[in-house]
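Chemist: Sequence:
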Amino acid sequence: AGLALPLLALLDYQPGGSSGLAALSWVYALLPCGLKCLAAALLLASRRQLQIREEA
1 AGLALPLLAL
11 LDYQPGGSSG
21 LAALSWVYAL
31 LPCGLKCLAA
41 ALLLASRRQL
51 QIREEA
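Going by this note's numbering, the first residue of the sequence shown is number 1, and it counts up by one from there.
These are computed hints drawn from the structure, not numbers from a lab. Every residue gets a Cβ at the ideal spot worked out from N, C-alpha and C, and that includes glycine. Heads up, some of the hints might be wrong.
Said to hold, decoys possible - Here are the computed lysine to any residue pairs in the SDA-like style, where the Cα-Cα straight-line distance is at most 25 Å: (1) K36 / S25; (2) K36 / L5; (3) K36 / G17; (4) K36 / L50; (5) K36 / L8; (6) K36 / L3; (7) K36 / A9; (8) K36 / S18; (9) K36 / P6; (10) K36 / E55; (11) K36 / S46; (12) K36 / A22; (13) K36 / W26; (14) K36 / L24; (15) K36 / L7; (16) K36 / L11; (17) K36 / A23; (18) K36 / G2; (19) K36 / Q51; (20) K36 / A4; (21) K36 / Q49; (22) K36 / R48.
To be verified - Distance ranges between label pairs, derived from CB positions: (23) A9 / C33: 14 to 24 Å; (24) R53 / L10: 34 to 44 Å; (25) L38 / S18: 44 to 54 Å.
Modelling step: build the complete structure from the supplied sequences, incorporating the hints.
Modeler: Laid out in structure tokens, this is it:
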């Protein structure tokens with residue numbers, strides 16, 4: 001909710017309104033997926049750096 005609520009505010013989401021349902025759906029579907037992809041990329045990058053250090 002720490003990132004989702006400000007993002008919804010930027011997208012002009014109003015609770016109870018029908019116009020913001022698409023924004024709500026996208027934020028709560030794509031934001032977690034994006035954060036998980038970012039975490040996976042960081043893990044892969046750190047793994048490669050550890051392998052380089054072990055070889056040296």
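Chemist: Between K36 and G17, does the CA-CA distance stay at or below 25 Å?
Modeler: This hinted pair is violated, its Cα atoms lying about 29 Å apart.
Chemist: Straight-line Cα separation of K36 and L24 no greater than 25 Å?
Modeler: 19 Å, holds
Chemist: A range of 14 to 24 Å was offered for this pair. Does it hold for the Cβ distance of A9 and C33?
Modeler: 21 Å, holds
Chemist: Is K36 close enough to R48, meaning Cα to Cα at most 25 Å?
Modeler: 18 Å, holds
Chemist: Mind checking the alpha carbons of K36 and E55 for me, to see if they're no more than 25 Å apart?
Modeler: 29 Å, violated
Chemist: Indicate whether the distance between the beta carbons of L38 and S18 respects the range 44 to 54 Å.
Modeler: Violated - the Cβ-Cβ distance for L38 and S18, about 32 Å, lies outside 44 to 54 Å.
Chemist: Check the hint pairing K36 with L5 against an upper bound of 25 Å on the C-alpha distance.
Modeler: 18 Å, holds
Chemist: Would you mind confirming whether the straight-line C-alpha gap from K36 to Q49 stays at or under 25 Å?
Modeler: With Cα atoms ~20 Å apart, K36 and Q49 stay inside 25 Å; holds.
Chemist: Below or equal to 25 Å on CA atoms is what counts here, so check K36 against P6.
Modeler: 19 Å, holds
Chemist: Looking only at beta-carbon atoms, does the pair R53, L10 fall within the given range of 34 to 44 Å?
Modeler: 41 Å, holds
Chemist: Check the hint pairing K36 with L50 against an upper bound of 25 Å on the C-alpha distance.
Modeler: Roughly 21 Å between the alpha carbons, so the hint for K36 and L50 holds.
Chemist: Hint check: K36 vs G2, CA-CA at most 25 Å. Holds or violated?
Modeler: OK: K36 and G2 at ~16 Å, within 25 Å.
In this structure, the hints that do not hold are numbers 3, 8, 10, 25, in rising order.
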